[in-house]
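The opening position of the sequence shown corresponds to residue 1 in this note's numbering, with each subsequent residue numbered one higher.
No wet-lab data here; the hints were simulated from the structure. All values derive from a computational prediction rather than experimental measurement. Just so it is clear, CB atoms sit at the ideal spot from N, CA and C, and this is done for glycine as well.
As a list, the in silico PhoX-like pairs of lysine-lysine whose alpha-carbon atoms are at most 20 Å apart:
no., residue 1, residue 2
1, Lys305, Lys294
2, Lys648, Lys755
3, Lys824, Lys1031
4, Lys229, Lys477
5, Lys106, Lys477
6, Lys1012, Lys950
7, Lys477, Lys809
8, Lys705, Lys666
9, Lys629, Lys755
10, Lys544, Lys492
11, Lys428, Lys809
12, Lys509, Lys544
13, Lys294, Lys319
14, Lys1012, Lys952
15, Lys492, Lys465
16, Lys755, Lys894
17, Lys666, Lys106
Label pairs and their in silico Cβ distance ranges:
no., residue 1, residue 2, range
18, Ser311, Gly685, 52 to 62 Å
19, Ile609, Ser139, 26 to 36 Å
20, Gly922, Asp326, 55 to 65 Å
21, Ala144, Ser423, 54 to 64 Å
22, Gly292, Glu538, 58 to 68 Å
23, Val971, Val318, 32 to 42 Å
24, Lys952, Ser407, 30 to 40 Å
25, Glu1000, Ala472, 51 to 61 Å
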Amino acid sequence: MDAVFRLCRVAEESVRGHSPMPRTPMEPGRPVRVPVTAEVRPADQGHLLSKLTDMGFSEVASRRALAGTLTFDQAVIRLVEERDHGSDVSVITTPTGSWQWHTGSKWVDYEHESSAQLTAAYFSCRDETQLNIGGFRYSVDLEALEQRRADVDGRRRPVRGRVDGIEVLPLSKRGGGVPMRSMTGLMRHDDPLFDAEATAYEWRDGRGWHPYDTSVSSSISARAKCGEKHVQVSIAGRPYIIDLDQMLQVNLATGGKREIRAAVSDASLPPPGSLWEWCCDEEDPVMWVVYGEKAQVLLEDAFQKRRASASITASTGVKYTVQLADMVQVSTVHNRRRAVRRTQVAKAKMEMPKKCVLATVTPRGTTTYQWEVCTDAAWNRVQQDTNLKLESAFEDLLEGVEVEEGSLMLYDFEALEVEDAVSGNRRKLRRRLVGGKLGFEPNVGKEEEAFSQWQALQRAGNEFKDDTFHGAAALWKREPRPGLVERWCRAKEVRGLGPQTILLRSDVKPRDVAQGCIGDCWIVSVLALLGAHPQLLERIMVTKDMQRCCAYIIRLCHAGQWRSILVDDLLPCRADGTLVYVRSQRNQLWPMLVEKACAKLHGSFEALIGGQMFESMGCLTGYVCDTVKLYEKPFSAAWQYVASMLSKGYLLCTAASPKVSSEHAKALGLICGHAYAILRAHEEGGDEGVKLVEIRNPHGCGVWKGDWSDLSPKWNEPNAPRLPHDGVRQNPPSARFWMSFSDFMHWFGTVQYCKVRPPTWSDERMDFALSAPDLLQDRGRIFCFDVQVPTSAEIAVLQVGDRGRACAKGMSDAGWALLRVPHKSSRSSSIRLAGGRYELVTDCARRLHGCVAGEVEMDPGSYALVPLVLCGRRAARPGSGQDRATVVLYTSSKVANARVVDGLPSGAVQRDVALLRAEALGGVTETLATIREHCGQTIIAFNQSWSPLKVKIAAEQSLRVEWSRGSPITVDVVPSGFAQVLQALTFNVHMPGTSTLKWETEASISSVFSAKEHTPSLVNDLHACVPWPPK
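All chains, full assembly: derive it from the sequences and hints.
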């Protein structure tokens, strides 16, 4: 009861102006925060409500009931003017909120105390509030949602927040309603969630209009009344943008669009109920996902009965425990914890929107591509009208299309499947070239075209503006969204550059590059490394000097093919002319131009957010790049590996491991998941001595604070190495720091490297299609060449990733095999290929990876390089370049007579090479041989007996796997003295999730078997029986 009287006394004194605590004058419609903390037992709650009612308080609410007590964290007094009843006073609790600020690459949470202070200031409708963080004073502008240093003229950082799960808006968009706390959520008097005429929204597919879930409609309506034009919502765990200008729903993951409409109901909404949601913190921004209907009932029942927890089961079968006291969901499998919330909504049946494809489209023109559906292990063409509709929708980057073919058929371009809307049966879908040559895209960056355009601009003398890459379309992948970029400035207009700008200094240094407000540290860290390797920088900077026409050519290597990108010097800036993205030191322009060229190559600046360093190293150098896990090696071997790579001139990058404690890493100056450049290694004192590595942060600030940091006392020890370590004292700081290799192994553990070759090395490149042999048919190609002297070589297959605007996720299977004309004394099996006979030298197994590479020593002779693709992509979007790959041959001595051989039967080539590979593994001595690869397995039969061999393979229990025969169950009879590729199992690149291989075989030999028995029937040369050994 003491708590009851204490709360009542403080509230009464605050209203009368006698509170001993500082307070602002009471004004109508403006809340005043009174710091009160009290715990009231359930038995005393009735007495508390009665006392406050007698005192004139009209509403009292608590934050949450915890373990049987009613907890008041902070009471808020609010004076309300009423026309007939004079003044009335309400007591409500301060809402809970979470706030973040943006570092330039990611969102970071405020500490609990700062977050509570921001929530109170927002709730009090203040324009600005002051924070003390780490001893520094910051001013947060709640009008513009920005943070800046209060004691210096520092940069502004974006701020965002959510109060009781509702996104914080700038004060200019909050409308006339004053926030008011209810028992179950943040409520505004003008919130349509509690309006009798709340707007209901619907979305449309080919079958008509469907209503949104009540909570989604209410959220859209609330944001619409606040004047917002773009509303982000989560439906079935997927993020969407609701465009209220064009009345469209946009899928952020796929870019698919659907029509929406609004309708106002004359009837009032049903009485308010509750809605349970869990927090998906893997999205940015964080998304709240609605529980299913069954889980809603279980959670609400447990909550009303004041139980401590409730058990629910997801549709995947995973069980969860929801701790109602802490509002946390805990997985019983991997113990992951997620936040849970309960909000007040209108009661309605909660129906999860079903996954559905887009409405029908109007077919246009003719096409050289044919769409096919797999039926009974055979690929059958769709009807001509259907084919035109599919091709039109596919080129428009839609996620699917509905076609009426007797029954409604739903064509899904993401999973490449077609579903019968009546029966629910699903079948595989693919797209095949039926006319013309294979086109290798992208066509952007053709070197002759870019250079001719640049020469024309030079002659004209006018300032070049690239209309193909400018404005919002250059910033965002699909739909424009609010951001930091407010204008585009010429280099001479940029604040900090001006007329003294130069393109590239002769003494360029790693410290000349600093990351901006975009998460492209994977590119900026490599740009810093190029500052230490000027010869590599000169290769990509085709234009060497400042141009009066403001046009520059940047040369980038995209999936193994060099592309010349023409860019202007218009750069994304803030209103005051400062750069938003990458910036440079010493008035240099080249970092901004290279970043812009990378963005143009991939379609937008947004496409540069997040990536691996080996991807950018390959793009900026053209060499083979990969990753090594140092933590799998012994300490001494790991040190020798890093030191050896640096001594060879390789580029090395690393990223702080996300497995370590982020708070501990932050205290030591590191950022988990952030990319860093490794500059050099230093060893002193032998095996037992000091081993150090020098690292640079692409942010241009933020360095290691542990042992061997710039201010570490380790440098004062008698035997300490004499190395420069004054980066923090420089102006500006260099962001370079030393770290012991033992600390490096703990905080980093992996290295991504680029094999920079000496200038004496040469390279040859060949495009090829990433398609299954039955799709290519007689369009196969190989690369032939002669070696005249013993040569060291590296071979790599490179393919386009999923970064572009039209790119699908995942990689195709790809590998390579090196063959040569055999010596007369050779006894190895050889196959006929391109007019000669070849034997296997070595191979690199197929992988679902952007770079599949290996090294080999070659003696003089004639060679053939064969790309290996058994599954490929069933379809690739036009302009994505994902239907192609490049095989690159790097050699220490230039090869002779290099040529591409086209028009080969793809199935026969892949079959013969697979038989050579299986024989090299010793498979010919076995009845069945298996080539085990990173992305699947290939099963081969060698019949060396005197009778036919019958083999049955059952792989129907494999998950997310493509079968080269079109069926998981095959039955084949292999004649005596023959060999056959029975089945190739490849992980499905079009389906997310983990693939599982599980198959069984039955093999028997008998003279009564028919040599023509093959189920399914053989439709291409890949699975044809051939004599073995070949003659």
